[in-house]
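Assemble chain B onto chain A, guided by the hints.
For the protein sequence lines, the chains are A and B, in the order given. Letter 198 of the first sequence, counting from 1, is numbered 1648 in the numbering used here, and no numbers are missing. Letter 62 of the second sequence, counting from 1, is numbered 63 in the numbering used here, and no numbers are missing.
These are computed hints drawn from the structure, not numbers from a lab. Owing to the predicted nature of the structure, the values given are computational and were not obtained by experimental measurement. C-beta: ideal position from N, C-alpha, C; glycine also. Among these hints, one or two may not hold up.
[As the list claims (entries may be wrong)] In silico lysine-lysine, BS3-like type, Cα no more than 30 Å apart, as pairs:
| # | chain 1 | residue 1 | chain 2 | residue 2 |
| --- | --- | --- | --- | --- |
| 1 | B | K92 | A | K1622 |
| 2 | A | K1622 | B | K15 |
| 3 | B | K24 | A | K1795 |
| 4 | A | K1733 | B | K226 |
| 5 | A | K1585 | B | K147 |
| 6 | B | K7 | A | K1733 |
| 7 | A | K1733 | B | K47 |
| 8 | B | K12 | A | K1490 |
| 9 | B | K3 | A | K1520 |
| 10 | B | K204 | B | K226 |
| 11 | A | K1514 | A | K1733 |
| 12 | A | K1490 | B | K147 |
[To be verified] Stretch by stretch, here's where chain B covers chain A in the computed footprint (C-beta under 8 Å, at least three residues):
| # | stretch |
| --- | --- |
| 13 | 1687-1698 |
| 14 | 1788-1796 |
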Amino acid sequence: MNCNVTAAWRASRRGAYMANPCFTQIHPTCIPQSGDYQSKLTLMSESLRNDGRVWVPKSQEDAKAIREGKKTGNDIKEENRDYFLERRYPAFGNLVPRDVASRAAKVACDEGLGVAPTGLAVFLDFQDAIMRYGKSKAHSMGLHNPGDSKIRELGEQVVEEKYGNLFEMYEKITGENPYKLPMKIYPAVHYTMGGLWVDYNLETNIPGLFAIGECNFSDHGANRLGASALMQGLADGYFVLPYTIGQFLSQEIRTPKFDPDAKEFLDTEKDTRERLERMVNVKGNQSVESFHRRLGKIMWDYCGMSRNADGLKKARKMIQELREEFYRDVFVPGAINDYNPELEKAQRVADFFELGELMVVDALDRNESCGGHFREEYQSEEGEALRNDEDYAYVSAWEYKGWDEDPVLHKEELVFENVELKTRSYK
Amino acid sequence: MKLTLKIWRQKGPKEKGRFETYKVEANPHMSFLEMLDVLNEELIAKKEEPVTFEHDCREGICGTCSLVINGQPHGPNKGTATCQLHMRHYKDGDIIVIEPYRAAAFPVLKDLAVDRSAFDRIIQAGGYVSVNTGAAQDGNAIPIEKEQAARSFDAAACIGCGACVAACPNASAMLFVSAKVSHLALLPQGKVEARRRALAMVKQMDAEGFGMCSNVTACEVECPKEISVTNIARLNREYLSSAVASETKV
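Isolated chain A (complex conformation) (with noise of 0.2 Å):
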């Protein structure tokens, strides 16, 4: 919950606009959901899939009695096995993109091929990777000869040596031994590649406010890849923002100092005030934690991996009443100027619900499959993205009205000077 939207947000209810919101990425390698209780799905460096295979058994009957604990992945033959990724992606296999990785094995779940027991993981196997690894370890120390079981010890070496702790970490979670049965994985939501709108100076469109790092959508289009949000941060501060702000406060060089009394200061502080009481005031009886939930499920199911126009029509309206239900029913214990978590949280969640109808306008106005945003209505006849250049190639920066108004959509259209816009083919 400290990492959240509410600074960006807060902005955005001042005037600031908010880019590309729909854009969501989903990341494939995380640890699959075991309960209602779990307050995350931890996510495992994408490395892993530079050696892990991915894969699901190939009939249904297989992944129900693994999903029964009846049998274990290592019982399923080699035959029937489904690489699914390897099999639909034959140039790029288990290293395809993240939202390609994602949605594929939502349709391997999707058709019943699951193997956790609620129906939502698939494997990730290092087999393979540890007896290859194994020969060739065994080759370079000059091993004749080796068994089987010499050749797996030494491939397990070199497979600790490389993600020795994202196994313990596997490990530590879920109690299975990763380097003796394949991982369960299952996508979750990771990152948002929507932010501020900010201009290449890295400053919104309201003068002197400017957007570096995560909460900004300058960087990542409509999906981000690896590693690249620490990018960003180093380089919005290190090469970007001291190059440009100056040119911002060499204007206000003359600027007086603001009196703390003045009715702006005023105004926001009576405005907080307000909101924290209204809250801790409503004393009804459902917990912020309920609530939060209940939006992290409408999201997931109608904009998450897939989306489509009814869904998302439906999500907006199911949003609009939680909302309402919200301040009407949430309790919230303990005083406004106490030290209060559940009045932060409660804080957080409010906010949660105006971004989120947010994503889900933003999602409905772009009538295509790009990147982090796949509409069902807009695929290929394999399953694929499609993507609409004609008429969606711009930046939706959204104009906040007022929480029970519609946003407006400003266009930044993207220009493309030196390279031309082409769909990639992964398969």
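Just chain B, lined up with the frame of chain A:
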């Protein structure tokens, strides 16, 4: 599994605290913090105040979660933060005592949450390097041997959670400070401020009211990132050399 929790409740920094007993039904797959979430949801349903505890990333990298569980900071497992501790390590009927970190420099804010901003002030005193903005430096221009980089990396793994302080009978912060000093002292980028860093950070550490190190090494045992006490030896060396070489008064 049914558990009995004895949890430290304290309304505010100046209030008197006490242990309260709660019963909770946990599932072995839950993490320790998720078990506390379940308890809090039950308390909220009864219109009672939930237990305040700190948490954020819940995957052992942010250093926000704390808790002393049955006398051990971050619980019984080695190299594990509280958020990475799962209930499968407990059994039905267990009684678990949960307290905040106890140290004069970490005053209790509420229940299990303590104020660890003393660590921030120690970092502000010297735990940084000065870097010019502008064109990026060529990575090959600053060669660092692998072992040296690995030692620095191991020290940099410190997440600043404060378990070392909670584990130490003197409430000393030496493991934390030594990890931060070592991380920078081992790399060429850290050389610019090296002469004053150790002096300034130790001075701040003393001002915050942390105790002295008497080589108990409980800190290393409880550290969720398994930071080695050899860093403390390096800190002492850095401190001595900066005491001799520092050109500015710290």
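Looking at the structure, which of the earlier hints fail to hold?
2, 4, 11 and 12
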